[in-house]
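Between the sequences and the hints, there should be enough to build the whole structure, so can you do that?
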Amino acid sequence: MAVRVQQEPFALGAEVEAFAAGRRDAGAVVTFTGIVRDLASGDLNRMVIEHYPGMTQSALEAIEAQARERWELKDCLIIHRYGEMAPGDMIMMVATASPHRADAFEAAEFLMDYLKSRAPFWKKEITPEGEVWVDSKAEDEDALARW
Amino acid sequence: MIDVLYFAWVRERIGLPKEQVETGAATVADLVEELKAREERYEVAFADLSALRVALDQELSEFDAPLDGVREVAFFPPMTGG
Numbered sequence: 000m001a002v003r004v005q006q007e008p009f010a011l012g013a014e015v016e017a018f019a020a021g022r023r024d025a026g027a028v029v030t031f032t033g034i035v036r037d038l039a040s041g042d043l044n045r046m047v048i049e050h051y052p053g054m055t056q057s058a059l060e061a062i063e064a065q066a067r068e069r070w071e072l073k074d075c076l077i078i079h080r081y082g083e084m085a086p087g088d089m090i091m092m093v094a095t096a097s098p099h100r101a102d103a104f105e106a107a108e109f110l111m112d113y114l115k116s117r118a119p120f121w122k123k124e125i126t127p128e129g130e131v132w133v134d135s136k137a138e139d140e141d142a143l144a145r146w
Numbered sequence: 000m001i002d003v004l005y006f007a008w009v010r011e012r013i014g015l016p017k018e019q020v021e022t023g024a025a026t027v028a029d030l031v032e033e034l035k036a037r038e039e040r041y042e043v044a045f046a047d048l049s050a051l052r053v054a055l056d057q058e059l060s061e062f063d064a065p066l067d068g069v070r071e072v073a074f075f076p077p078m079t080g081g
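Going down the list, the sequences are from chains L and G.
Quick note on numbering that gives the first Met the number 0: the first sequence kicks off at 0 and runs consecutively.
Quick note on numbering that gives the first Met the number 0: the second sequence kicks off at 0 and runs consecutively.
Incorrect hints may appear among the rest.
Stated by the list, open to error - Below, computed lysine-lysine pairings styled on DSSO-like, alpha-carbon distance capped at 30 Å: (1) L:Lys-136 <-> L:Lys-123; (2) L:Lys-123 <-> G:Lys-35; (3) G:Lys-35 <-> L:Lys-73; (4) L:Lys-73 <-> G:Lys-17; (5) G:Lys-35 <-> G:Lys-17; (6) L:Lys-123 <-> G:Lys-17.
What the hints assert, rightly or not - Residues on chain L that point at chain G, a partial pick, calculated with CB under 8 Å: (7) Ser-116; (8) Arg-117; (9) Val-133; (10) Trp-146.
Simulated from the structure, these hints should not be mistaken for laboratory data.
Where a beta carbon is used, it is the ideal one built from N, C-alpha and C, also for glycine.
Written as structure tokens, this is what we have:
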């Protein structure tokens with residue numbers, strides 16, 4: 000089980016390889032990767048992600064602990080970056096390992112839903128027109144209700 | 000003395016990331032009223048509490064929560080992780 004909050008990029012392939020390697024207890028590994036998406040206009044220069052250093056790690060660990068309580072997970076990995084990124088850069092990833100794929104998929108979705116609105120990160124988009132803090136979406140909050 | 004932290008646009012509107020506040024406020028809402036009475040930038044930042052979240056000692060909380068024994072209060076907009 001690991002939670003990493005970091006500024007530097009991560010190597011998705013190497014992370015997934017290491018996560019899945021040598022596992023005899025889990026028949027299923029599910030991974031999700033979040034990538035900086037350009038605006039429809041193609042105008043996104045950069046994205047800056049701010050976080051709350053004292054709280055981020057513990058909030059992510061609490062979310063992970065909830066997932067482990069609810070699903071049969073053999074392992075779980077959360078990596079979330081902060082700082083400055085460009086369109087196409089990887090922001091974060093989660094990986095779950097379970098004996099069964101339903102648990103691995105559901106736990107990964109749960110982690111993503113909770114990460115969106117319960118982990119202290121804030122995204123700012125920087126375009127030629129200026130800087131805008133990304134608003135949270137009502138559907139992100141609604142997504143928690145299904146769990 | 001209590002540490003008060005601000006993030007994202009709350010930090011930008013107030014103009015600083017962190018300050019120490021001498022307060023006798025009983026609840027988060029009382030602390031917000033004290034801050035709003037100070038200067039207009041606080042008034043602007045705290046104009047709509049439904050657009051804000053609060054954490055007490057690094058755990059999400061509510062505006063009616065008591066401040067008894069709390070060392071760190073953080074104000075920020077709804078989170079946009081993932």
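>> Please list, smallest to largest, the hint numbers that this structure does not respect.
In response: Structure breaks hints 3, 4, 10.
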